[in-house]
Amino acid sequence: MTNPTFERIQAEIDAHPVMLFMKGTAMFPQCGFSARVVQILSHLNVPFHTANVLEDAELRDGIKQFSNWPTIPQLYIKGELVGGSDIVSEMFQSGELATLLKEKGIPHQDAA
Amino acid sequence: MASRSERLHACLLAGFAPLLLEVQDDSARHAGHAGARPEGETHFSVHLVSDVFRGQSRVARARAVHEALAVEFAGGLHALSLKLQTPDEHATVF
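From first to last, the protein sequence lines are chains A and B.
Under my numbering, the first residue of the first sequence carries the number 1, and numbering increases by one thereafter.
Under my numbering, the first residue of the second sequence carries the number 113, and numbering increases by one thereafter.
Hint data in this document are derived by calculation from the structure and do not stem from the laboratory.
Heads up, some of the hints might be wrong.
[Stated by the list, open to error] In silico SDA-like cross-links for lysine to any residue, where the CA-CA straight-line distance does not exceed 20 Å:
| no. | chain 1 | residue 1 | chain 2 | residue 2 |
| --- | --- | --- | --- | --- |
| 1 | A | K64 | B | A182 |
| 2 | B | K195 | A | Q93 |
| 3 | A | K64 | B | E184 |
| 4 | A | K64 | B | G188 |
| 5 | A | K104 | B | V171 |
| 6 | B | K195 | A | V82 |
| 7 | A | K104 | B | R170 |
| 8 | A | K64 | B | H190 |
| 9 | A | K64 | B | A172 |
| 10 | A | K64 | B | V171 |
| 11 | A | K102 | B | S169 |
| 12 | A | K64 | B | A186 |
| 13 | B | K195 | A | W69 |
| 14 | B | K195 | A | M91 |
| 15 | A | K104 | A | Q93 |
| 16 | A | K64 | B | R170 |
| 17 | A | K64 | B | F185 |
| 18 | A | K104 | A | H43 |
| 19 | B | K195 | A | G95 |
| 20 | B | K195 | A | L81 |
| 21 | B | K195 | A | E96 |
| 22 | A | K78 | B | V171 |
Input sequences plus hints: build the corresponding full structure.
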């Protein structure tokens, strides 16, 4: 990889088992879709790291190209794209998200 | 000129042979948000039921739809909420 933005993104998802690229911060999300993913991760008590694409134009464009995924937020678990807010919400509701976290050995508390 | 809503509908109809297709323009609810445009047509929801999704992961299904609508994303489509199901999944939802 020669693209410096891609290298930066790769370093972030390598360093953080649960990495969320979002608009705003976990404390102050600036988009309803990003807020929903933060809410779900918080509800499951998952330790996660965020990057605010609104503060970084290169990241904002780069993250869309990196995974060929045109929208934000984007959630990565152990380096793999899980999806955006629709997919994360569906997986949370069905229990698949908790199962995935368990499989990946990431500490969390089941919503139940 | 057709609205974006009509273009999304036509494109998905042609690409996925859907058993069910609903396209909703949510732009008004997002007016003033980042990515919204004064002329609207930025935020949409799609419910699509198709045999094409059988055996595909959630990410793969979304990618297929994103790909089909690449021109729209390039042209100002900002947010697309997707509910993508196989006929079986649609039938067994509660």
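Given the hinted pair K195 (chain B) and L81 (chain A), is their Cα-Cα distance within 20 Å?
holds (18 Å)
Taken at face value, is the distance from the CA of V171 (chain B) to the CA of K64 (chain A) at most 20 Å?
holds (14 Å)
Is it true that the CA of K64 (chain A) sits at most 20 Å from the CA of G188 (chain B)?
holds (14 Å)
Given the hint that K195 (chain B) pairs with Q93 (chain A), test it: the Cα-Cα distance must not exceed 20 Å.
holds (14 Å)
Between K78 (chain A) and V171 (chain B), is the straight-line Cα distance small enough, at 20 Å or below?
holds (16 Å)
Taken at face value, is the distance from the CA of Q93 (chain A) to the CA of K104 (chain A) at most 20 Å?
holds (19 Å)
Decide if the proposed pair is consistent with the structure: K64 (chain A) and H190 (chain B), CA atoms, cutoff 20 Å inclusive.
holds (12 Å)
So if I understand the rule, the pair passes when the alpha-carbon distance is 20 Å or less; does K195 (chain B) with M91 (chain A) pass?
The given pair, whose Cα atoms are some 12 Å apart, holds under the 20 Å limit.
Given the hint that K102 (chain A) pairs with S169 (chain B), test it: the Cα-Cα distance must not exceed 20 Å.
holds (19 Å)
Hint consistency between K104 (chain A) and R170 (chain B) [alpha-carbon to alpha-carbon, up to 20 Å]
holds (18 Å)
Holds or violated: are the alpha carbons of K195 (chain B) and E96 (chain A) at most 20 Å from each other?
holds (16 Å)
Given the proposed pairing of K64 (chain A) with R170 (chain B), does the C-alpha separation stay at or below 20 Å?
holds (17 Å)
In summary, the structure agrees with every hint in the numbered list given earlier.
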